[in-house]
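Participant: Given the structure of chain A, go ahead and fit chain B onto it with the hints provided.
In the order they appear, the protein sequences are chains A and B.
Counting from 1, one number per residue, gives the positions in the first sequence under the UniProt record's numbering.
Counting from 1, one number per residue, gives the positions in the second sequence under the UniProt record's numbering.
Keep in mind that the hints were calculated from the coordinates and are not lab data.
Here the structure is a predicted model, which means the values were calculated and not measured.
Incorrect hints may have been included.
Once the Cα atoms are required to be at most 27 angstroms apart in a straight line, the calculated DSS-like pairs of lysine-lysine come out as [stated by the list, open to error]:
| hint | chain 1 | residue 1 | chain 2 | residue 2 |
| --- | --- | --- | --- | --- |
| 1 | A | 109 | B | 72 |
| 2 | B | 109 | A | 109 |
| 3 | B | 28 | B | 72 |
| 4 | A | 72 | A | 57 |
| 5 | A | 28 | A | 72 |
| 6 | B | 109 | A | 347 |
| 7 | B | 191 | A | 191 |
| 8 | A | 162 | A | 72 |
| 9 | A | 162 | A | 28 |
| 10 | B | 57 | B | 72 |
Quick look at which bits of chain B chain A covers, simulated, 3 or more residues with Cβ under 8 angstroms [to be verified]:
| hint | segment |
| --- | --- |
| 11 | 193-203 |
| 12 | 354-367 |
Ideal Cβ placement from N, Cα and C applies to all residues, glycine included.
2 protein chains.
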Amino acid sequence: MSEVREKSLLAKQAAAVMNTLTTEQKNKALLAMASALTDQYQLLMDANQIDLDNGRKAGTSESMLDRLALTKNRIEAIAEGLRQIAELPDPVGELLEQFERPNGLRIEKRRVPLGVIGMIYESRPNVTVDAAGLCLKTGNCVVLRGGSAALESNRAIIAVMKQAIAGTDVPADALQLIEDSNRSSVNEMLKLNGLLDVIIPRGGAALIQNVVMNATVPVIETGAGICHTYVDESAQLEMAVPIVFNAKVQRPSVCNSLETLLVHSAFAADHMQQLLQPFFDANVEIRGCERTAALVTGIKPATAEDYRTEYNDYIMNVKIVDSLDEALAHIAANGTQHSECIVTENKAHAERFLQEIDAAAVYHNASTRFTDGFEFGFGAEIGISTQKLHARGPMGLPALTSTKFRIYGNGQIRS
Amino acid sequence: MSEVREKSLLAKQAAAVMNTLTTEQKNKALLAMASALTDQYQLLMDANQIDLDNGRKAGTSESMLDRLALTKNRIEAIAEGLRQIAELPDPVGELLEQFERPNGLRIEKRRVPLGVIGMIYESRPNVTVDAAGLCLKTGNCVVLRGGSAALESNRAIIAVMKQAIAGTDVPADALQLIEDSNRSSVNEMLKLNGLLDVIIPRGGAALIQNVVMNATVPVIETGAGICHTYVDESAQLEMAVPIVFNAKVQRPSVCNSLETLLVHSAFAADHMQQLLQPFFDANVEIRGCERTAALVTGIKPATAEDYRTEYNDYIMNVKIVDSLDEALAHIAANGTQHSECIVTENKAHAERFLQEIDAAAVYHNASTRFTDGFEFGFGAEIGISTQKLHARGPMGLPALTSTKFRIYGNGQIRS
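Just chain A, same shape as in the assembly (with noise of 0.2 angstroms):
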């Protein structure tokens, strides 16, 4: 039996045991894995450091051996989050309906862990413990398939993790680690119906496309942000450049930054270069429409293609619009339908594009930046889904749930 189908079937067995687990027992572990983790970074930073000689021979760049390095501090951090997700509620047996039929039936829906949850994530350690934190608190197990170059640091993650639960009465076999490194390991999970209910990737847009195309196993997508701020007509500047330059360039790399600034006309004849200084003095690319490049020096004309790319980066698209309707068809036609933002003091214009715009969070008057499951009060989240099925946006702890109908009788047969 391989590996991955021998680590899922553990993982299923111990599904059955997890399910009958109170938060007290869950927290506990959480609490457990916490505690080892700070205890013993020594081992986890000299596991790490295999890792990173690896990557630096290999000539992996600096940002990304950054993003792969753990110290003293980030360990402790990352035991933190654990000790937070042991403080938020547990969703497990919520009751969401309750109601007696007719025929004296009483039906109720409660939710359930999921059951047994593939991750596929690339080379960041602190998603093996954020997973396995969140999985474990809903009550769910998990298979995690890590990047390569962090095998040496997971591996070290959840050996101490598992020691850790080991004294609780969560089982050890609730988290497993796929240590086979070929990308075969990843293909095998992927069709592995039965043995796992869910897949969520985390990871670049490659990762990801790679998941959604050759999943048999449903999958929760955490795609690709190409996000737009629209600036209206009746846009105050002193509210638009604040929200805009936020949107851009307070975190570039992620998902709900900005990529495309859409500005009315009107708007733009009076204050367009007002509204992009602050951008060429961050030295952002900016990549405009003709229309931006006429009021605007220093503009790179942009492409169809520009407007269809997650930069990731300090660049950033500027296109001229008559309208709200125009903006509206550019992101429909543009988006990835994750975050839009419409700057606007015409309230009419605000509920239409809050109204029309087919996203997981629209916002009037504030930074896209705020879709997070931090910033909307969910706590660590295991990412933010870009499907429309089961869970749209940041995911907090009930997106790791699935639900079941209990029904209470005393004899009712169907006539």
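Facilitator: Okay, now just chain B, sitting in the frame of chain A:
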């Protein structure tokens, strides 16, 4: 451009209009469709006659022809179904969550349409109308791909319904019928990410498996039911007999009917003959374990394969177990997570069964035949989901919606 792509694109364009309609506008279209179907029943029956003649020539069984046949009464019942859908509450726009963050951001989570739903189904023309009605009510567009055996019927139904909504605010393009009866049109739908938001298959196991194993568009699986009823040691005979008999015999062809009866050995020793006698009287074939055969005559031996078979017929497996644990283990190994029942007077056993069984619907002392949208009070259903993501069990109208976060700010930026 292929027929599938062209019609899906038209549906996607229409989805933007559907998203802005009020409940009243949608209901008006549903009622117009209902009236048109009853008014033009002769046209529908004429088209249906062509399908029936073709089917008869092709040697289609009488039971299949019966499922395909439209009569005036059946058309009236189908139209009545549309009127009932019009009367159901509209989930679109429902406020699911509302909260304000410390920074003043006001966040709403509201139900929105899914967008474009692809339905892949077999030869019951009533599904064409039901699916159209349920999808339009929830603000969705639908691309219908029915069985080729019902093509003339479906063409006529869609023509009548499109004509009916032409006089309303619902765009005619919201309803699309794929007329290409090659299997390649199904396979093209399964990969139409970006145009179709979800695929819902309805039909036999082969159809559903093809969809689940080949779709890259998210799927809601409406799968097989290998349902069990476990008669515990403490069960009352007079309650157990009708529950078990109803679960098996009331309508054996459907997914929530009983396939395997599990009986505690102590109950079996006293009552097995009385428990099974009604099945012998009804000419149900019984395949049993050796212990069952030792207690009752007329039992064929059950194989391991029998326990994993959805008969959908007058055949039932019977197995004697020595404990609740053995019953739970058998169901975990052989069930399809659809509907499972325990008949018992022991409340602790009932609670363990309802907690530990991993299924969409778990019953205490009632027939599994109640797993049904109408029986739960949800009204017409698009199907019964056997997956854990998005919707599980009978799917009411909310299962045909997604959600959107609407965020109202006054200049908030992220620090």
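Participant: Hint by hint, which ones does the structure fall short of?
Facilitator: 1
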